[in-house]
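Chains A and B are the protein sequences, given in the same order.
Heads up: the first sequence begins at 1 in our numbering, then just goes up one per residue.
Heads up: the second sequence begins at 1 in our numbering, then just goes up one per residue.
For the record, the hints were derived by calculation from the structure and aren't laboratory data.
Ideal placement from N, C-alpha and C gives every residue a C-beta, glycine not left out.
Some clues are possibly wrong.
Said to hold, decoys possible - Covered, in the sense of this in silico footprint (three residues per stretch, anywhere, with C-beta under 8 angstroms from a C-beta of chain B), are these stretches of chain A: (1) 164–176; (2) 266–279; (3) 290–302; (4) 336–348.
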Amino acid sequence: MSAGSVQSSTNLFRRLAWNSSVPIEVRLADDVAGGAVDKYYIQAPRYTYLPLLLQGVREQLVDVALDDKALADHADDSQWWFEEDAGEGEESNVKFAPQGPCKWHWPIDLIELHSAIARTGRRGAEAEPDAAPSPLKLILHLSAPPADKLAVPPGIESCKTQFVSQVKEADFVRWGNTKRVTGLRRGDLEAGWEGVVGNDFDLHARMASRVVPLPIPLPPSTQQQSTPSGITSRPPSAEPGATSSREPKLESAYAAKSLPIKVYLPDGAPALQFPVPSLGTDGRPTTLLSLLRTHLPLLFPTTSEPYVLAQPLAQGIILPPDAEAAWLAACMAGADGWLRIGIRIVGEA
Amino acid sequence: MSQLEATPAAVPPAAAAALESYKAKDAAKVVVRFKSIGAAPIMKNNVFKVTAGNKFQAVIVFLRGQLGVKAGDSLFTYINGAFAPTPDDTVGNLYKCFGTDGHLIVNYS
């Protein structure tokens with residue numbers, strides 16, 4: 001496949017991931033004296049963050065539900081915080097400890113992922129996904145934020161700082177330095193966050209397309225003549241693209257030292273982060289299943305069926321076992337360039 | 001739908017045992033080397049052993065204590081002088097991914 005066609009197919013998948021969203025139901029905590037309005041529903045993009053939803057929650061829920069005195073008491077939204085309402089009873093199917101307070105610096109995707117992996121999945125669910133996902137239920141508290149559990153202070157600015165730090169860390173994971181991020185024009189770096197704030201894929205892509213490499217197959221030596229622009233003097237990794245005058249360099253995700261991937265487990269087990277080489281020692285691309293079998297052998301035993309005990313989720317879907325890690329990292333990463341995989345236990349009927 | 005689907009699916013014992021094993025806190029020690037940047041004070045003893053299962057947040061709190069940083073004052077921390085990790089990363093994960101010569105280098109300013 002030529003670099004040009006890889007670029008267009010990658011953009012298609014990046015746009016699909018960008019357009020995926022989570023239905024959210026927000027209700028006020030029981031200790032808040034509310035009126036008739038007690039719930040607010042949002043269809044939120046997976047890449048966005050709670051601080052960016054706060055204004056809507058204030059206008060549509062808090063301002064409407066609270067009387068003037070209560071509003072005055074709770075006007076300071078630096079005291080507000082969200083908690084997952086994991087629900088009770090068999091209907092909710094919650095099997096593991098809920099995540100509790102929702103972290104300000106986690107994208108909605110990661111909060112939803114923790115909600116999903118606290119439940120068990122159906123065996124074979126990859127073949128027939130759930131028709132209608134139930135909303136992510138959040139409780140809004142208006143006082144006494146548990147600062148130690150939230151980890152990062154509230155507010156959009158501190159969320160943005162964490163976002164940029166994560167973009168840099170992902171760059172460091174890929175190449176062993178942060179030159180691609182620190183070398184960005186200021187406007188392009190800002191566009192990464194502004195695209196998230198403004199729900200603008202193309203704006204965000206001004207940063208992402210320069211930082212997140214494309215899954216261009218290696219080795220490059222045989223592909224030089226097949227590139228669309230016909231330039232043969234440069235390897236594909238240095239070749240300009242064809243769609244704009246100031247194109248980023250096209251680098252291959254398969255050439256990266258390692259891939260920015262985090263793996264989340266249920267029940268409060270610590271998240272995993274480890275070096276994930278794009279290519280194995282045999283020179284073949286690392287597949288998701290080989291990665292899971294290497295790092296989580298107890299949950300992914302070597303059996304003929306890949307997902308016997310657990311199934312990997314990202315961006316709301318079960319990932320196929322033979323998907324290449326480099327492709328997933330290039331096409332299904334969050335807005336900050338990290339691929340977040342949740343491990344959901346497969347329930348016994 | 002069928003009755004089977006209405007029955008909540010239990011966690012299989014093998015999966016529960018696997019999770020218990022992964023939940024065990026990593027008690028291994030990581031050697032953390034602190035390095036000051038710019039005008040930040042230099043530490044007399046700048047090498048410490050930190051439990052791998054600890055969150056990076058614990059390292060920040062420890063460093064603030066060592067340097068005597070006041071509650072309202074800022075302290076910035078970087079790995080390998082390149083990026084700031086999130087406070088909820090574990091020290092063990094950071095060492096696995098970014099350790100150099102048996103150390104995790106944490107710069108501060």
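Right, here's what the structure says about each hint:
no.	hint	in the structure
1	164–176	holds (count 7)
2	266–279	holds (count 10)
3	290–302	holds (count 3)
4	336–348	holds (count 4)
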